[in-house]
Amino acid sequence: MALYAIGDTHLSLSSDKPMDVFGGGWEGYVDKLREGFAPVDDSDTVVLCGDLSWGMSLEEAREDFEFLDHELPGEKWLLKGNHDYWWNTAAKMNAFFQVNGFERLHILHNNCAFYGEIALCGTRGWFFEENGAPQSEKVFKRELIRLEASLKAAGEREKLCFLHYPPLYRGYHCQEIINLLKQYQVRACYYGHLHGPSHRLAIEGAQGGVDYHLVSADFVGFRPKKILI
Numbered sequence: 001m002a003l004y005a006i007g008d009t010h011l012s013l014s015s016d017k018p019m020d021v022f023g024g025g026w027e028g029y030v031d032k033l034r035e036g037f038a039p040v041d042d043s044d045t046v047v048l049c050g051d052l053s054w055g056m057s058l059e060e061a062r063e064d065f066e067f068l069d070h071e072l073p074g075e076k077w078l079l080k081g082n083h084d085y086w087w088n089t090a091a092k093m094n095a096f097f098q099v100n101g102f103e104r105l106h107i108l109h110n111n112c113a114f115y116g117e118i119a120l121c122g123t124r125g126w127f128f129e130e131n132g133a134p135q136s137e138k139v140f141k142r143e144l145i146r147l148e149a150s151l152k153a154a155g156e157r158e159k160l161c162f163l164h165y166p167p168l169y170r171g172y173h174c175q176e177i178i179n180l181l182k183q184y185q186v187r188a189c190y191y192g193h194l195h196g197p198s199h200r201l202a203i204e205g206a207q208g209g210v211d212y213h214l215v216s217a218d219f220v221g222f223r224p225k226k227i228l229i
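In this note's numbering, the protein residues as written are 1 to 229.
Since the hints were derived computationally from the structure, they do not count as laboratory data. Quantities reported herein were computed from a predicted structural model and do not represent experimental measurements. Idealized CB from N, CA, C, for every residue including glycine. A portion of the hints provided could be inaccurate.
Cross-link-like lysine-lysine pairs, in silico, DSSO-like; alpha carbons within 27 Å at most [claimed, not checked]:
id : residue 1 : residue 2
1  : LYS152    : LYS92
2  : LYS32     : LYS225
3  : LYS182    : LYS152
Have a look at the derived ranges for each label pair, beta carbon to beta carbon [what the hints assert, rightly or not]:
id : residue 1 : residue 2 : range
4  : GLY209    : ASN100    : 28 to 36 Å
5  : GLY171    : GLU148    : 24 to 32 Å
6  : GLY209    : ALA91     : 31 to 39 Å
7  : GLU27     : HIS70     : 19 to 27 Å
8  : SER57     : GLN185    : 18 to 26 Å
9  : PRO197    : HIS173    : 17 to 25 Å
10 : GLU71     : VAL139    : 29 to 37 Å
11 : PRO197    : ALA91     : 21 to 29 Å
Generate the whole structure from the sequences, applying the supplied hints.
The structure is reproduced here in structure tokens:
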């Protein structure tokens with residue numbers, strides 16, 4: 001049994017939005033994901049850090065969910081990304097997964113999951129400083145509430161945090177999220193969203209007592225990053 005994380009699979013098996021056109025290692029990325037998941041066992045857990053499917057609805061994303069659930073091994077915990085337009089209420093998503101037989105897809109949203117005695121916490125996050133409109137402020141505050149709800153649900157367990165947006169990178173710090181990670185003594189934070197030339201902006205390693213790791217699919221070579229065994 002092992003714990004992995006990867007973000008930004010950007011699947012489009014039934015929609016016309018292939019990532020291959022972006023180059024930078026995305027050519028044939030679906031096959032790369034199949035190969036990258038080869039070390040993962042069905043007894044393992046994989047956290048998927050957002051931007052999973054380009055589908056505009058649950059039905060349009062169904063083939064992408066089939067790929068994630070049926071073709072890639074492991075239990076999957078799904079976070080929302082900024083391009084996951086199919087995202088809906090947890091009740092509707094869980095019902096959709098159940099009806100379609102997606103038994104290994106689970107939602108990490110306003111809750112936490114457990115890997116042994118370790119709590120897996122997370123939410124999408126937000127770039128409030130870069131999207132400073134009033135509506136953006138509302139979204140940002142909701143994300144803070146969701147993150148704290150997830151961290152509180154962990155109780156006194158050791159905590160790992162998973163986000164889509166990075167809480168920090170070169171030239172940017174989301175102090176409110178960083179403060180929550182410190183307050184709840186999060187050991188490590190894994191995030192996605194950054195691609196191609198933006199990889200150089202990523203901050204990896206210890207910052208203020210928290211270890212940060214970028215796990216965007218193209219950054220980790222389409223191989224889930226092993227976190228724990």
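Hint check results:
1. Of the pairs offered as hints, the one joining LYS152 and LYS92 holds, with about 24 Å between alpha carbons and a cut-off of 27 Å not exceeded.
2. A threshold of 27 Å between alpha carbons decides the hint, and for LYS32 with LYS225 the separation of about 14 Å falls inside it, so the pair holds.
3. A hinted pair counts as satisfied when its Cα atoms are at most 27 Å apart, and LYS182 with LYS152 qualifies at roughly 13 Å.
4. Taking 28 to 36 Å as the suggested C-beta distance range, the pair GLY209 and ASN100 does not conform, at roughly 42 Å.
5. For the hinted restraint 24 to 32 Å between GLY171 and GLU148, the CB-CB distance of approximately 26 Å keeps it satisfied.
6. With their beta carbons about 36 Å apart, GLY209 and ALA91 fall inside the hinted range of 31 to 39 Å.
7. As the Cβ distance of GLU27 to HIS70 is approximately 24 Å, the hint placing it in 19 to 27 Å holds.
8. The given range of 18 to 26 Å is broken by SER57 and GLN185, whose C-beta atoms sit roughly 39 Å from each other.
9. At roughly 20 Å, the beta carbons of PRO197 and HIS173 sit within the given window of 17 to 25 Å.
10. Checked against the given bound of 29 to 37 Å, the beta carbons of GLU71 and VAL139, roughly 33 Å apart, stay inside it.
11. Against the hinted window of 21 to 29 Å, the Cβ-Cβ separation of PRO197 and ALA91 comes to about 39 Å, which falls outside the hint.
Comparing the model with each earlier hint shows violations of hints 4, 8 and 11; every other hint is respected.
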